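The residues making up each chain are set out below.
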Amino acid sequence: MGYQDQLITSESEVNEKFKSIKKSPVLLNKEAWNKRMEKRIIMDKVARKIFSLSTVFALVILGILFYRIGVQSAGWLNLKFLTGNLSIFPEKAGIYGAIIGSVWLMAVVIPVTLLLGVSTAIYLEEYAKEGKFQSFIKTNISNLAGVPSVIFGLLGLAVFRRLFGLGSSILAGGLTLSLLVLPIIVVASQEAIRAVPNFLRDGAYAMGATKWTTIRTVVLPASLPGILTGCILAISRAIGETAPLVVLGIPTLILAIPESLMSDFTALPIQIYYWTLDTVLTPEYANLAAATIVVLLVVLLLMNSIAIFIRNKFQRRY
Amino acid sequence: MLTNGGNMQSKVVYSVENLNLWYGNDQALRDINLKIEKNEVTAIIGPSGCGKSTFIKTLNRMVDNIPIVRTSGKIFYHGTDIFDKSVRLEELRTTVGMVFQKPNPFPKSIFENVVYGPKIHGIRNKKQLMQIAEESLKSAALWDEVKDRLNDNAYGLSGGQQQRLCIARSLAIQPDVLLMDEPTSALDPIATNKIEELIDELKNNYTIAIVTHSMQQAARISDKTAFFLMGELIEFGDTKKIFTTPEDKRTEDYITGRFG
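The listed protein sequences derive, respectively, from chains A and B. Just so you know, my numbering puts 515 at position 301 of the first sequence, and the rest follows in order with no gaps. Just so you know, my numbering puts 104 at position 51 of the second sequence, and the rest follows in order with no gaps.
Everything labelled a hint here was simulated from the structure, so no lab data went into it. Errors might be hidden in some of the hints.
[To be verified] Facing chain A, from chain B, some residues (calculated, C-beta under 7 Å): (1) 146; (2) 147; (3) 151; (4) 155; (5) 157; (6) 173; (7) 226.
All values derive from a computational prediction rather than experimental measurement. The beta carbon of each residue, even a glycine, is placed where N, CA and C say it ideally should be.
Looking at chain A on its own, in the form it has when it is part of the complex (with noise of 0.2 Å):
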């Protein structure tokens, strides 16, 4: 009884069953098809190399900039410039200074936008109601990671220099960086709290976690390896920016190493900034500004090689 009346049992009984769908009229033209068909195979390739040609043309321009400060750089990039401190005198230049600055600007940047920016992640993904507070919110942190560094430096300036008192220290500077890349680290943290999936989140409130305990337990060590990127990737941001720390009134020749976070200092992109300005003086700038160029360079690849080898080590099936 029940379901198995309505199985069918004998071959008859499937043929009159799928009768219209045998006797179905013919409504392709397969002619046709294969007449266009070379056009479109056409079309592809087409397709094909447009693409190719595309990732090719960003190659050669990547491939140029490398050539350009390789042959500038070359002879200049030796320890001696890594160690050395800053001189007036192409042959004596050193950018030690500015390689401490810029570390001192990332101890003050990574902890701040840390902190700061998966909290605001959590709040948004995990605490606010879904509303209209909540995505006005959530719009204006994605439109605020589109305006211009520059804006963030005139920001800096206005309130952490003149405001604060903070003068052109590594404070001001890490703070106005911070503010930069702030929204960076929160949509990336947000997406990666967001991919967390629901019934590991319910798995916990099942077992009467509190709210913080499932985001402490299971959420935060879901999303670390997806907010961790995030983070690397703002950090490689914060460390090429020039526009704000020019804003900020960062000089350029210190010769203090700094010690402290009130300390003055310069960082990497500043030098590059004033040794290209001042090439129309001093010819040799350049060939500095080249090799400052490479080393920062190759603390970007470190840094977005790490990024990457979090995303691949620590990605998560579910």
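Model the placement of chain B on the given structure of chain A, informed by the hints.
Here is chain B on its own, set in the frame of chain A:
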């Protein structure tokens, strides 16, 4: 560990009275009244979208996580209304465990999965945690299969093993009630059979409410059966009676496979 003293001795574990539930403006549960008794397996059956999953998720207030849900009526758990402001959600859920439709172990080791509950509730002693893990895994009939690889990732287990791991995880906080939301719907027949045997074993110590798509399963493992249809409880009673001499025409139609 949560023990409420004499209160917990009562035969009736859950007493649901005039329960209504809405998702926004859609009413998902209509005036539900039923009692779930101690050490019994109560099966909840019905076609898709009849509210059976919603109902079971109301029993440990998992529905609270959905912002648009509203409820009215009362659910007494050993005499206490679980919707009362004085009831702590976290406490309720340590007393009422839940196993989900899709096995959902955490991306951690087998051991860490089992002791997750005890750990978040503050047990740090390694020896005690190990004991809890062994006990729970044995109760979930998984110990022999995993005892040599407790530190392996839980996702290396088969689907059926994962589901038993989730059961072990629920048992580790020593609940009184186990809610199961179609625990075998993602599993093959052999794994399903193992879980069913396990449920039969577990009912000696736990009160179990299980949502199931399979009427055969309900008939095999449950003492009481509740038939839901479009948010209403159509019929509730001894499983034997429901499956042999149902009172309502709609119940009869459903269990004989005429719809659903």
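Which of the listed hints are not met by the structure? none
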